[in-house]
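Asker: Chain by chain, the residues run as shown.
Protein chains: 4
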Amino acid sequence: LVELNETIVRVRYAETDQMGFVYYGNYTAWFDIGRIELLRQLGLNVNELERKDDCYFVVAESQCKYHRPARFDDLLCVRTRILEVRARTIGFAYEIMNEATGDVLATGYTLHVICNKQGSPRTIPSPYHQLFETPDTGHTSS
Amino acid sequence: LVELNETIVRVRYAETDQMGFVYYGNYTAWFDIGRIELLRQLGLNVNELERKDDCYFVVAESQCKYHRPARFDDLLCVRTRILEVRARTIGFAYEIMNEATGDVLATGYTLHVICNKQGSPRTIPSPYHQLFETPDTGHTSS
Amino acid sequence: LVELNETIVRVRYAETDQMGFVYYGNYTAWFDIGRIELLRQLGLNVNELERKDDCYFVVAESQCKYHRPARFDDLLCVRTRILEVRARTIGFAYEIMNEATGDVLATGYTLHVICNKQGSPRTIPSPYHQLFETPDTGHTSS
Amino acid sequence: LVELNETIVRVRYAETDQMGFVYYGNYTAWFDIGRIELLRQLGLNVNELERKDDCYFVVAESQCKYHRPARFDDLLCVRTRILEVRARTIGFAYEIMNEATGDVLATGYTLHVICNKQGSPRTIPSPYHQLFETPDTGHTSS
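Chains as they are written, first to last, in our numbering: chain S, 1 to 142; chain U, 143 to 284; chain R, 285 to 426; chain A, 427 to 568.
Where hints are given, some of them may not hold.
[Claimed, not checked] Partial list, computed: chain R residues near chain U (C-beta under 10 Å):
id: 1; residue: R294
id: 2; residue: I317
id: 3; residue: I320
id: 4; residue: R324
id: 5; residue: R355
id: 6; residue: D357
id: 7; residue: H396
I should point out that these hints are in silico values taken from the structure, not numbers from a laboratory. For each residue, glycine too, the CB sits at the ideal point set by N, CA and C.
Using the sequences plus the hints, can you model the full thing?
Answerer: Here it is in structure tokens:
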């Protein structure tokens, strides 16, 4: 199904901290990668959305549960899906899996308000409406 | 009350992204500052906890709600308090306020599992037990 | 002398990596703090420069030598001075010192091209000319 | 030639700053990727070097020249080669190229001291000696 994206990332040295595994605040960069690739897969380019359509996905909420540590040089699979679409908001859910072991390392979500450059909420540009008109639209699709 | 810490931080240029305000994943660094200063205020030094007491506060969950943007060079007040203490876990709640306007920019929490260097859960070292023995211990103290 | 700024920063947990001390790429955030505070001391606000004067200090070169490790929770003194001012460029030199021991942990510099929002080089706005008209202007003042 | 590595990375949203392109301190993460992939190509795994061989590549110096901006979502080619090998140090040179246009966006280098976990300089473990015994060994191979 097109609504799921899987992207592989490798853990960077800079992402670790002195505990010896990935610093918890760095998972959002992987969430972003998953979300941006899922949108690309749907035909949406975030750069074009921002520059041509004056449409920004401003983060209103983020959450992450950390089940097992991610370590330097690990290959991870970022699994992203759309959680919820409303008139002016869109939510995404993420799973971070160790690609070698299949272990789920973390699960999280982000909720975004669709805004213009000035930060005022707006609806998603009309050419893209149908992309999000799934049977789940308007409902939590978890 | 000693269980609340307020620390001032100034937003760094590196913390912004191309939307023109602080990248949402960078708020955790402020949470850490608030938590570490609150622990210091209670007499706990995180470096000593890790090196002398083999006691690490591993993050199990984090959450943040973003109400208003934080911008480069803003002075922020990080307000931190202990949310919950259990045998092997401790939770902290945070408010990020704009120091000039008093606006609450974000609220969040982190939940930590107390572990040894190998990542096995353990209890907090006994000299520190009484620090967390508040009337609220074992209950959500929000 | 007003051309030297000293600012104290405390090392953040997020700034460490799995070697157990600060990741080398994170020193630039301290350079920025030093440079921004030095400019503020001279009467220049970077936010106003960008927004009102359409004047950006785009980094053209950066360099850092790492002499001793910086560790989590260390208090550091960032010593910043202007290295060189030319028509369209300005250079800054930095020393990162351990505030407790006085050890110099790192030395570095950044060279900036003064640009407008579109990235075209420009001169510094005229109200600020005299701020940089030191005896050393146009010469390396090391 | 095995001494050159080319690795493709895509610019992350978190890597930009409010100027609208990549923050200059974030290029080191790409340098690390290039260096680690070059070492892997030579048969050296950085994780194993650290854990099994007690051998760390501590950064002693880094430098970067920024020629053109890197922007969010750009595909970049990181070109890495060994610059110099000495008894206890090793230097790497990097080029960051825009994969679409071929433009060189940045050039840089890092110099590393080979250390044990305690930070004392040491020689590279003997099984790996011959990997670096190129005609250029001991000379700057730029």
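Asker: For each hint, tell me whether it holds in the structure or not.
Answerer: Against the structure, the hints:
1. Because the beta carbon of R294 of chain R sits about 8 Å from the nearest beta carbon in chain U, less than 10 Å, this interface hint is met.
2. Given hint, I317 of chain R at the interface with chain U, holds; its Cβ is 7 Å from that chain's nearest Cβ, closer than 10 Å.
3. A cut of 10 Å between beta carbons decides the hint on I320 of chain R: the least distance to chain U is about 7 Å, and the hint holds.
4. Annotation: interface hint on R324 of chain R holds; nearest CB of chain U at approximately 9 Å, less than 10 Å.
5. Interface restraint check: R355 of chain R against chain U, minimum CB-CB distance 8 Å, threshold 10 Å, status holds.
6. Hint status for D357 of chain R: holds, given a least beta-carbon distance of 5 Å to chain U, under 10 Å.
7. Taken as an interface hint, H396 of chain R does not check out: its beta carbon lies about 12 Å from the nearest beta carbon of chain U, beyond 10 Å.
In summary, the structure is inconsistent with hint 7 from the numbered list given earlier, while agreeing with all the others.
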